[in-house]
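Asks: Throw the hints in and build the complete structure from the sequences for me.
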Amino acid sequence: MSRREIVIEPITRLEGHGKIHIFLNEKGDVERAYLQVPELRGFEKFVVGRPAEEMPQITSRICGVCPTAHHMAATKALDDMYQVEPPLAAKKIRELIYCAFMFEDHALHFYFLGGPDFVVGPTAPRAERNILGVLARVGLEIGREVIGVRKQLRDLIARVGGKVIHPVFGLPGGITKALAPADREAFLAGADRAVEFALFSLKLFKGIVLENPQYMEWIRSETYTHRTYYMGLVDERNRVNFYDGWLRVVDPNGREFLRFPARDYLRHIAEHVEPWSYIKFCYLRDVGWKGFTDGPESGVYSVAPLARLNAAEGMATPRAQEAYEQFYATLGGKPVHHTLANHWARLIEMLYAAERMQELARDPEILDPHVRNLPTAIPRAGIGVVEAPRGTLIHHYETDERGLVTRANLIVATQNNAARIAMSVDKAARSVIRGGVVDDGILNLVEMAFRAYDPCNACGTHALPGQMPLLIRIYNPRAELVRELRRD
Amino acid sequence: MSKPKVAFYWCASCGGCEEAIVDLAEEILQVVEAVEITFWPVAMDFKREDVERLADGELAAAFINGAIRTSEQAEMAHLLRAKARFVIAFGSCSHTGGIPGLANLFDREEILRYVYEEAPAVHNPQRVRPQERIEVDEGLLTLPAFDETVYTMDQIVEVDYYLPGCPPPVGLIRGALQALLEGRLPPKGSVLAPDVALCAECPRKHTKPERLALKSLKRPHEVLIDPQTCLLAQGVICLGSATRSGCGAACIQGNMPCTGCLGPTSRVLDGGAKALSAVASLLDATKEAEIERILESIPDPVGLFYRYSLPASLIHRRAGNGRHIQEGRTR
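Chains as they are written, first to last, in my numbering: chain H, 1 to 488; chain R, 1 to 331.
Some clues are possibly wrong.
What the hints assert, rightly or not - Some chain R residues close to chain H (C-beta under 8 Å, calculated; not the full set):
(1) C14
(2) G15
(3) E26
(4) V128
(5) I134
(6) G139
(7) L141
(8) L143
(9) C166
(10) L217
(11) H221
(12) P227
(13) Q253
Since the hints were made in silico from the structure, they are not lab data. Glycine included, each C-beta is placed from N, C-alpha and C at the ideal position.
Replies: In structure tokens, the structure reads:
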């Protein structure tokens, strides 16, 4: 057999255009699979010269699916830049909106993107591995509830933020307007519905996945396992927090390796450049870049739901904590290294987001009309951090004395995960493509390796039925097309 | 009768336009009933080959969001143009260049050098850059080229209609789909939004003074904005008077000024110039020192007045020595 190449292009559940290029040796086994990200818009450069207070709105255009994450990270960078502490009510309203956003975004991934692989099945007929298949399995009524609960929460975000796609409420020292009593009632109702829906989703996951030995075997399989460092925001008691806290890193054995405030990020996080992708690959400066490899000697780390659970010591709300304990009891203790466990972790985070919304909306202080402290300091530099649905997000700006940006640096969620995602695709391809045999089921098994992370650019894809179409072209050494496999 | 075929596609964009379609929520099911979506990479099965196989003009409409920055995006725009009877430039980036169009203030080389060499977290002593053709140990990999300039859709292909906004408001999307299905289309080249300024639908319009004479301007972070009063009356620049309506004054409902994402009305050639002149007419200053003091409160006029429209403007981009990729331009 001769050497050959497999190109998977286009892959669609990434924002823009991703492709996977697989090189096979003479035996038809994988030498290496590359996940390439072929796009760049250059936000870090063109924000230079713009007023800092416009950053929450300008940088939200990085991603129209997680605009609230960029909006919030930039807003927090402004608090830091102007050394102005928002009033308590403003902080609570920010976190309330943020939890609503995390919930609707996670729900979208589970039901429309990642869920079909489990709810319908990884080797189910390809025409059924999509939201229609999910609806057929769980019923149209539940499908309407997915659409309905998302719509309700997105409307709530717009109610405070002006728009849900590219909201406008964040300013240094607080937010643009106070919460009205009617808004609070609406948030309370939305939060209650969200808690019920999260509990239902966990039950659904238990019935379909946890009680299915074959699925559990997939989750635990070495094909989808990497032993890396994990990073996530934690509160003062090391519990998961989306809005604020310390960045905590645990090593591949689950021991605390770092715990630092976001302002120290440059001491710990570095970016590596490869000539074959426009994305930059983050790694831990303290360990160093050792290539696309895992283990304690490699600075590769991971973010997003599984990483957040691993990097923390628990959840701050009671029912999410129960689910957290069950998660580790079932999967053999901390840390869990199985990439596909991200799906379960995401549902646990949904429950936390919903419970946290309830707590915040019930707090009478949230109606305090004082929601902004005006900045008085001369701006210089500011760093803000949040946990985006897809992982740690850091915005860093430097300005002149008028508050015009002179330098910007953004560490976005999927960048933190980029090295491990690339490794996951490579490893899955090596495991499932053997002796040159490739078929439709195998394509899905390769896809599942990156889908579990919910790569940032997938966000735009969710609402309509559909699965990722794939095209694999196999060329001989003379670059002549010998075989084309398509999954329509 | 077979259902009309439509395509959705994205170029250099953030995904917000896709989410805006998703925000039709249950109405999207009615859309699927009425049309056959033959191409929607983000949500449905697709192949470029499937589009290539269509007869010219077989698609009733192609909705394309995002600006154009790579040759691949330009190729897709040309392909869809050939296959579709109507091309709708969807959203600010496609319509007027959008926020990523501000990249036209910098050269390609400046962007690449900063991102891959100068940004503070980068550790890249070898000065590695992404390459269009890369020999790795196992063989050859390729990446698309990153062009010098951001283009609007109609600078690359002929556009029939524009759906403005960042993202387009759900109501305008609904209206455009209905107009298309019922064949009630306005003259070619129309922007599918009301042709009046946003002030007309602003909930604060009754608080806008007959005549404004501002002696100073405030940046949004410098002042507590009253949630009932016209922002201009509070000295905060709001571009509502130079921007189309159709969004329900969403940002103003969020207690922040309009930043102009829907673009100007049909009577305006250059939206940024119009916005600048609208603001200038509100100022009460005759002495040079007064004027300068007020101008200091507009520290970034390009970013303010051309936030969504630099590529579409008469300025288009900062002059430079860089290569300007113009291939494929039809207009």
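Asks: State for each hint whether it applies.
Replies: Going through the hints against the structure:
1. C14: holds, 4 Å
2. G15: Hint holds; R:G15 Cβ to chain H Cβ min 3 Å, cut 8 Å.
3. E26: holds, 6 Å
4. V128: holds, 5 Å
5. I134: Since chain H brings a Cβ to about 5 Å from R:I134, closer than 8 Å, the hint holds.
6. G139: OK, holds: R:G139 within 8 Å of chain H, min 5 Å.
7. L141: holds, 5 Å
8. L143: holds, 5 Å
9. C166: holds, 6 Å
10. L217: Violated, about 12 Å.
11. H221: This interface hint holds because 4 Å falls under the 8 Å limit.
12. P227: Check passed: Cβ of R:P227 comes within 5 Å of chain H, closer than 8 Å.
13. Q253: Given a least distance of 5 Å, the restraint on R:Q253 holds.
Hint compliance for this structure: hint 10 alone is broken.
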